[in-house]
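Chemist: Chains as they are written, first to last, in the working numbering: chain R, 772 to 1191; chain C, 772 to 1191.
Source of the hints: derived by calculation from the structure; they are not laboratory data. The structure presented is a predicted model; accordingly, all values stated were derived computationally and were not measured. One or more of the hints may lead you astray.
Pairs involving identical chains hold if they fit within one copy or between any two copies, as the list cannot separate such chains.
20 Å max Cα-Cα, derived EDC-like pairs, lysine to aspartate or glutamate [what the hints assert, rightly or not]:
1. 855 with 873
2. 1037 with 1101
3. 855 with 1105
4. 789 with 1105
5. 933 with 1036
6. 933 with 1102
7. 1073 with 825
Single-letter residue listing:
Protein chains: 2
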Amino acid sequence: MSVDLQALGRRAKIAAPKLARLNTQQRNEALLAIADALEAHTDEILAANAKDVEAARAKGLTDALVDRLNLQGRLTGIVADVRKIVALPDPVGCEYDQRVLENGLRIARRTTPIGVIGVIYEARPNVTVDVVTLCIKSGNAVLLRGGSETIESNTALVRVMKAALAQTAVPTDGIQLIESTDRDLILAMLHMYEYIDMIIPRGGAALHKLCRENSMIPVITGGIGVCHIYVDETADQERALEIIYNAKTSRPSVCNSLDTVLVNEKIAAEFLPRVVDFLSAGGVTFRAEPRALAALNGITQKGVQAARPEDFDTEWMSLVLGLKVVDTLDEAIEHINTHSQNHSDSILTHNMADAERFLNEVDSSAVFVNASTRFNDGAQFGLGAEIAVSTQKLHARGPMGLEELTTYKWVVIGDGQIRV
Amino acid sequence: MSVDLQALGRRAKIAAPKLARLNTQQRNEALLAIADALEAHTDEILAANAKDVEAARAKGLTDALVDRLNLQGRLTGIVADVRKIVALPDPVGCEYDQRVLENGLRIARRTTPIGVIGVIYEARPNVTVDVVTLCIKSGNAVLLRGGSETIESNTALVRVMKAALAQTAVPTDGIQLIESTDRDLILAMLHMYEYIDMIIPRGGAALHKLCRENSMIPVITGGIGVCHIYVDETADQERALEIIYNAKTSRPSVCNSLDTVLVNEKIAAEFLPRVVDFLSAGGVTFRAEPRALAALNGITQKGVQAARPEDFDTEWMSLVLGLKVVDTLDEAIEHINTHSQNHSDSILTHNMADAERFLNEVDSSAVFVNASTRFNDGAQFGLGAEIAVSTQKLHARGPMGLEELTTYKWVVIGDGQIRV
């Protein structure tokens, strides 16, 4: 199917200022209309989704992948999430850094929508609703490019949402879906800086690299984590085992799950066998570098095997855990800053000076003391919503909620001031 | 001269975390050492600068351009500015958005240096000192690419500053100057995302376009403004004349100076002749679209000529002013959002509802009510310093001071919390 991408971008760009100037109530009414419409059109949406599921099975996708794109039984939760967004505070129009200058000018930074957000994502149709509703809530227009495996679902979802918007103050052109699975359109989209203000890729490392290397539009990279926990000799070992177990096993396929445990050499011989005992009961297997293997007395039962060097640069996304012994806090920080993807890292210690050094010197989006890395999440941090987790440093770092879908302008009110 | 750009980047990248972990006093001591060294080596710096000035004259550069790169008589002011930066508050390590979650986790955003800042600039050697000292103050390493016309001055300045740093805690590798005028190195620099975290171009539209279209590193575009003042029928016309005069004539060559005056049709016949009278006394000439010409009774004396359409997309940088009549506030906002570069725009009015609409709907980095556009400036806004003025929307918008040279990380302190 041929798509006029420039036309989609132009329509979103023209809709953006109209959307930006709506008030809170108008945007919330649109979200409620979307929630109602998704409920009213459940059959239509699930019928479209069933085509995607069938096509995915026919293509031989794994059960896990097919499950990701299946909306059956999930639409109620998706609709409930839309209604939750209505209840969140409006991120637009907030003022901060207010001051009155000596000359009497009153200045402040005032939050405003960014404009048009481009989102490139993979086979999760729930993301379509998430992104559209977070963008409307924050006054932004959006241009969506979803995964080819969910083209039927996405088309149906966007059709239903746009029809709902037609009854509201939000311009339907504020939502644009690229109804094509042509991958060349991604590159074309990345060049459309006249029309798009920010690109959020949600997918694997290859997608992020493609965006970083080709985009002429600011890109939020993230969502990839090689996450570490460093256990020093003062840590409470019982709690350490619980935290490591939680960080590794509670949801191994997500980006804030644990990949590598670093253990101070003073406790390695005592603590590492306990880690292996405790976590192997949960199905975890281990990749241990030589000193960790030695601390384990070279055991290779319980799923312990020698680590290859590249293992410490691997985001496992599964029940595999790297084990390494370090001599000092410095070595732990050095290892983390070399091998992490600047996502989530934690120190378990009772030494608050060392904890403070870890917080300052580990260069990650979220740094933890005596807590699981799994907390790096918009909902957990109280942001109310999450459109992405950024591991780059500009604009937003860590979980991005509604506030991170806004920018600011300087607002200056005078009564005739001139610059002298 | 052949330059190993990768090596420069690697050195800056290695120095960055060392610089980031210094305390406020250590960074301030380094700035004072730089100030002292610039004073002590004035002769050496001016001798190098004299070579640049001589070469510029030999190449036939205009007096204005030669003046821009001349340091004679300016070093005292530059040194005084360095000492002012010492007195500014440390932007690093500030916490905000602190909260205690229900599970007892204490979380906050904590400001941190960005890492390595790449700055590409033109023939202003004072920028070399500005950028280096602002980066040190904010804990960042810096990779500099200055204009070819100031290569001798920049080399001398950086040599003196690095020698000064050798006596301080700041690693000398934290400052890297590309000692080459090979333009291909700019492109190579824009691809070095392993080593550089942010690119700040300071120059004309062509440089900004080059960076936007080629950089794999986040770029802060800005510094270009087609600035507007809209005068409505309720405005105080006496004050309006003073503001327009100030915005146009106080420094016409800078980006926040006025380019176009929009006048409501209700007062056009009364007010536009006054504008022409008042400003032509200051040497201003005018480009008037047909309705403005009509309001001026078609006068073509006093430097009034018919505007060409492209005049309203021109950043004049000189004593030329566009004049246009609009019927409504909507038309004024529409014109501004179409023709501005999102820099600085002002409304002169006594109608506060219209002022509020202007503030919300004009999509510029700074929007003003009853004040001159010339105030869009870091020092004027009380930021204490300015490394650039951003007209893009991510990370920073408007004047960028020390705070805008930092990012943040989430800091989370627990006592054994796991995610349930």
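Chemist: Now tell me, hint by hint, if it's right for this structure.
Modeler: Taking the hints in turn, this is what the structure says about them:
no., hint, verdict
1, 855 with 873, "between (44 Å within a copy, 19 Å between copies)"
2, 1037 with 1101, "within (15 Å within a copy, 71 Å between copies)"
3, 855 with 1105, "neither (41 Å within a copy, 35 Å between copies)"
4, 789 with 1105, "between (49 Å within a copy, 12 Å between copies)"
5, 933 with 1036, "neither (59 Å within a copy, 39 Å between copies)"
6, 933 with 1102, "neither (54 Å within a copy, 29 Å between copies)"
7, 1073 with 825, "neither (39 Å within a copy, 76 Å between copies)"
When each numbered hint is compared with the structure, violations occur for hints 3, 5, 6 and 7.
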